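Protein chains in written order, with the working numbering: chain U, 1 to 195; chain X, 1001 to 1234.
Keep in mind that the hints were calculated from the coordinates and are not lab data.
None of the values given here were measured: they were computed from a predicted structure.
Even glycine gets a Cβ: it sits at the ideal position worked out from N, Cα and C.
The reader is advised that the hints may include incorrect statements.
To be verified - Stretches of chain X that chain U covers, calculated by requiring three or more beta carbons in the stretch to come under 8 Å of a beta carbon on chain U:
hint	segment
1	1010–1017
2	1102–1116
3	1191–1200
Given next are the chains, with one letter for each unit.
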Amino acid sequence: MDTKLIPTATQTAGPFFHFGLLRPEWADLTGGGKAKGDKIVLEGRVIDGDGAPLPDAIVEIWHANAAGKYDHPDDSQDKPLDPHFRGFGRCFTDKDGIYRFITVKPGAVPGRGNALQAPHIAMSIAARGLLHHLFTRVYFAGESLNASDPVLTSVEDAARQKTLIAMANGKATGSTVWRFDVALQGKGETVFFDF
Amino acid sequence: MADIREYNPERAGGQPANDWSAYTSTIKRHPTQKPVALKQTLTEITGPTFTNGWTGPELVDLTKQHKAEPIGERMILAGRVLDENGRPVPNTLVEIWQANAAGRYAHASDTHPAPLDANFTGRGHMVTIAKGEYRFLSIVPGAYPWRNTYNAWRAQHVHFSVFGPAFATRIVTQMYFPGDPLLEFDPIYNAVPDEAARKRMISRYDPNLSEAEWALGYRFDIVLRGRHATPAGM
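Given these sequences and hints, build the entire structure.
Put into structure tokens, the structure is as follows:
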């Protein structure tokens, strides 16, 4: 018996979302530095098919805490939650297309079956000109688990796989800055996922 | 090892494609490569929860955010957040934003020469209650012109952002009004191929929700992806 309701379709966020979705405190996932783990900055530029920055994108992220545990009832792992870390962030790009989060480096989390996933951050991008938000993932350069991560290795083309890997780019107030640019279209187009 | 109860895939025709040149902003922004199919993991089936008040006090009366009342037709905007199986989705964040009665947003980039209303911002949010219900008091937003094509007008709409239980269920959408003659010409609305899915974005005028001598009532239910009945992928 299949009497399912029809899901609501997505629509663009348009250009005028800022006042409606503004949550500046959500760009810092560490609760002002209280969360456990290695503090990091995750930042980058979102560009269009001409290489022009998007000044009107909404970037949202979701990831596990430093121990590799999601703050969610469906995560049944025997790992500690961190009362100062929820794992969700939201940030708007600025006039130069730059977004910037302060967070902690996530721990590894289980994949399907016996697989282990490399530390990663789920990212969603909504914007004027996107009728449906885009999903991508941020991995960290130099992680040994990257080589066996089932999602990362499912992208076979090496150049495309590289679009999913953030690069360490110096330090800011003691935290490693990880750079992750997002190209919506054309040269260096970021891998987006469907699930 | 994790037990994964996946969310159902999106249905063919039930969602807009980003490659939709009738809406000209998509032309340089839609990806050209096919998205990579990802088998859902713990990452996708989890997402932010909203049970402990971290989203702050709710903002449900958009007519009382300033000194006086805004100009416009008052409307009660209410509905439920459900999943595909008809189950309510409580404890999830619903955010709305909209133009004022003259079709102008309280946003610096909106240059449409219609009056701003000092008594209207057009922002609201609340966490759904036990039966997935939400309810706002606002005013009916005006239609407004945009530069997509010559003499183009957006159908009246309220923007909605809804999370649901997982990163996979997150949606940003727009709610439309029944009988709006602009819908036929609106390329954003018409980007959804399936007619039934398009119509789900139109609210319903509900005389039982209207309050006599006070406000119109529009009902808008939001349906998110549901889950498979049994765990998979072990």
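Is the listed coverage of the segment 1010–1017 of chain X by chain U valid when you require three or more residues with a beta carbon under 8 Å from a beta carbon of that chain? holds (count 6)
Quick check: do three or more residues in the segment 1102–1116 of chain X have a beta carbon closer than 8 Å to a beta carbon of chain U? holds (count 5)
Taking a Cβ-to-Cβ distance below 8 Å as contact, does the segment 1191–1200 of chain X have at least three residues touching chain U? Held - the segment 1191–1200 of chain X has 7 residues with a Cβ nearer than 8 Å to chain U, which meets the minimum of three.
Checked against the numbered hints given earlier, the structure satisfies every one of them.
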